[in-house]
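Chemist: Since chain A is already given, all that's left is putting chains B and C on it; use the hints.
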Amino acid sequence: MSNFSMNKTLEKPSQRILSWIARLFISILVPFVVFVVLYFGFRFLRDSQAPQIVITISAIVWGVGGSAALYGVTNWVIQRTNESWRKILTPFMFVGPAVAILGWYLFIPTIRSLVLSFYDRSSQNFVGFDNYAYLFSDASMQTAFVNNIIWLVVGTAGSVVLGLIIALLADRSRFEKVAKAIIFAPMAISFVGAGVIWKFMYAYRPVSSNQIGLLNAIVTFFGGDPQNWIVLRPWNTLFLIIILIWLQTGFAMVVLSAAIKTVPSQFLEAGRIDGASELRIIRSIVIPTIKSSLITVSTTILLITLKVFDIVYSMTNGLYGTEVLASQQYKQMFKFLHYGRGSAIAIIILVAVTPVIWYNLKQFGNREVF
Amino acid sequence: MRSMKRIAVICMIMLLIAPVMVFAGGKQEAADTPMEEPTQMTVRMFGAFRGEEAARFNEALKPFIERTGIDVIYEGSPEFETQILIQTEAGTPPDIAALPQPGLMMNLAERGFLKPLPQSVTSKIDANYTSAWKDLGSYNGDVYGVFHRVNAKSFVWYPKKEWEAAGYEIPTTWDEMIALSNQMIKDGKVPWSIGMESGGATGWVATDWMEDIMLRTAGPEVYDKWVNHTIAFDDPAVKKAATIMTDLWMDDSYVLGGPTNILTTNFGDAVAPLFSNPTQAMMHRQGNFITGFMPEAIQSNLVEEVGVFALPSIDPQWGTPVLGGGDQFVMFSDRPEVIQVMEYLTTWESCKDWAGAGGALFPHQDQDFNDYASTLEADLAKILVNAEVFRFDASDLMPAEVGAGTFWTGMADLVSGVKIDKVLAQIEKSWP
Amino acid sequence: MAQATPKSMKKTKTVQEVIVNAVLIFICIIWTLPTLGVFVTSFRDRDSVLDNGWWTSLSTPSEFTTQNYSQVLAGKDYSYTKSDGTVVVSRGDNMLGAFLNSITVTIPSVIIPILIAAFAAYGFAWLDFPGRKILFGCIVGLLVVPLQIALIPILRDYMKIGLNGSYLGIWLAHTGFGLALATYLLFNYISTIPRSIMESAFLDGASHFTTFVRLILPLSVPALASFAIFQFIWVWNDLLVALVFLSGAGQTVEVVTQRLLSIVGSRGQDWHLLTAGAFVSMLLPLTVFFALQRFFVRGLMAGSVKG
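Each protein sequence line maps, in turn, to chains A, B and C.
Using the numbering used here, the letters of the first sequence map in sequence onto residues 157 to 526.
Using the numbering used here, the letters of the second sequence map in sequence onto residues 16 to 447.
Using the numbering used here, the letters of the third sequence map in sequence onto residues 758 to 1064.
With the rest of the complex left out, here is chain A (with noise of 0.2 Å):
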């Protein structure tokens, strides 16, 4: 790290080594210094026996304040050298460390992941397609091949359709902030908790007693036979997915709702008085508006709906039916300790969503910055 910047030319020889040398220690000694007393919290978090109370607080205020320190002595250091190192290392210091976590949490994993999948249980023995084949003539995956596209499809259309028309009701309507909370808030709600409140829901208990969950109660209430909805195939897969949709209604009514207020008010104007119906200027005015709003909530609830496991796991455990990818994923590789099957499900996932992504980027592709 040398500094070749001009200095003043009066200067002896001798003396500039001598600062040149003092600025290189200090600039090694200040990084240096803020690692050894990282590394000393770090220590002192996993080691103390101080109460609940004090490890919080200064865990906080270590794990805080150290990454901004580390960004705070980078640039220090960067700032030290000369304007053409400055440029090469300042995306250095900017992006190097998104990259560098992403690469070793997600990138390697995946392609570790992607070797896995070729070979056996104990990852030991290369057997080619071997579990590709397997997942594809395997009936528990067949079923859930089919569920998770029950899933994607209903799962997404239901919470993005259901969002806009909130959003919609909720900008014509004087109780449009509550409404939004009202809607939002199961958001809030781990999929622990979500499976708690539905299980509740959906509680089924026999003719002869009486019901304990709302659906059933209704249902006899007007005559009918309690049904056990969460082993009822194949409609139990929609009743998991109405959990989905009432997660995650509220995430793509509150961005469709804003995207909606940017739609500008003259053209609304202008369509009321051609005397179009309400209808027509939702269709033909505001859907296109909003139409790349559109786009990022439904990727982004589609991803989540192909990832999710955990109502499925807290709900059903993949009994009766209602296995999904993910849940089959999450079982070979913790359950059944086969790496391969586990990697190769992954993988899957992966090549599944792959289109969506591309055409993600395509449209950023049409933006200004890129």
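Just so you know, these hints were derived from the structure itself, not from any lab.
Using N, Cα and C, we set each Cβ at its ideal position, and we do this for glycine too.
Treat the hints with caution; some may be incorrect.
Short derived list, chain C residues pointing at chain B, Cβ under 7 Å [stated by the list, open to error]:
| no. | residue |
| --- | --- |
| 1 | L790 |
| 2 | M916 |
| 3 | N921 |
| 4 | G922 |
| 5 | L1018 |
Modeler: Frame of chain A; chains B and C shown alone:
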């Protein structure tokens, strides 16, 4: 601008140093405390049972802790089976784990995570257990597991007073039991209460039934072949067992609420209808641990309220074998204090308090049946210890893909209406 | 309709408004019912929960009890009778410690990825360097990677460097798994900041770092806050990552979701405790959401609306 930045950097560094200061202080204290008690040793145990059962186990450990001063901490997790694998992979295993499946023990032993038991423990196992338990805890010639609390599953429970009032007699054969069930229906009663919901482990109640029937229709040798996959999973013998089971399970008049209710009733809640007011069902087949799930009032008066008989024989030549299971304790560390805990677990002293608290049976040869909470449990313990034919839960012995996978899901499918042939064929296909 | 006079237009408008509000209220009621049921149930005792539906208890509010909450917060009591007749009571785990742990895990897991992602988003949007597009494409591509595939490899890496069961380990894990989305969202926002604002800053001789800290970060508060809500909810509610990376540390470092899972008692289903526990776990994320809600929309949208 520059000085601003410098100040910012200094502030950040100060922020970082602050916790270190705290840490220095904290560390000082931490360093001081062990000086006073230099021999404070901790053994961390991990298992699947929690809540009341964990409380009872802790009670059983107390004499040991008081005597040796070794701190033994037991933690239970509902996600134990996944967690233990993660912890071994992560290099942070507990000192001792209680593994419900022998297959899991073999897997961990094969990969070198477990420490074989030293002579001091194995000699105690030889002295205090029948060889069956030692074999279940061995892999490749080494002994790894110590069995402690075990369970026997081939029992049918009934509300004693209700039966006495109706004048029912304990059936001695399967046919008598079915005849009795029909009689109950005629009397306007529901004979059976069954519940198989058990979260991520849903299915084991049904596999237990299947195994009990297998032992009674095909005998222990065929049972072993079934476990080792020397006969196929869709073998006629297996199909026969499944048919006998579904004949009872899938009949709305035999089972409270019919098959749909079986699927979503928690196994622990399924015994409640026997003791509700009015009584909703007359019989419940479950392991001895079910007493812990009975209503408080019943538990405190087991002998007068609860009756129990062994699940009767189907084919007389096979009699009434006992099906059971149990957690084996294995060690991930061979520190002396860990070995001491393992030695303790082989003694009746470690079981006495738990036996007294109820809900557990023990395989220890030197046990005193008077220590059990009730004569009822003492009788069960005698059945277990003296059983002519004892077999370990098949699903725990099969590979996890089947035993904790397709066998469970298959049973759930079966009860939700899928045909027997299809279910058995699928399980057979999934055998690794 | 085309010939409508102003008066009839006004009338249709009121009719429309009534319909709109009616439908909206109907949807809101349906949306609230599940949560309401759990809320009511959390104040009922065990037996009545199993005996009849929660709606029946609304007519007898005097039977409500806060017992469940005190059991969840302070620890559930287990009691059993020993053979000599003495009753042993032992106290189960409480949720308070788990609450603090969740906070310790969550706050840095929210701030660290925001910081890193904001730097990266700025870099991708306003710095010119070779491989920029490819790198960014890769990051968006990584959005699809299910985090399950990373768990075992990362666990093994952690073992080598001793990060398992430490807070740093789980912060970094959450950072890694949330970073792709964070970079994607923040890029959407930061890239739409007008170039002219930036150029005036550079004319003043400010470095990229200064511009970023002084100008871009404050301007991006809505986007940062909206991602913060996301990440907060996700980390707070996460079970899987906590199960994997905190597992070795024992029960003293359990988070709320783990504790909630263990409340599902070994004695059947303790609905009354579960519902109370579920509510306790929801409190903080809901509060954070309502506190930051006003930022949410602006931040999330900025990029995609223009498109």
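Chemist: Take the hints in turn and mark each one as holding or not.
Modeler: Verification of the hints:
1. L790: Constraint on C/L790 not satisfied, violated at 21 Å.
2. M916: With a closest approach of 4 Å, the C/M916 hint holds.
3. N921: 4 Å, holds
4. G922: This interface hint holds because 6 Å falls under the 7 Å limit.
5. L1018: OK, holds: C/L1018 within 7 Å of chain B, min 6 Å.
When each numbered hint is compared with the structure, a violation occurs for hint 1 only.
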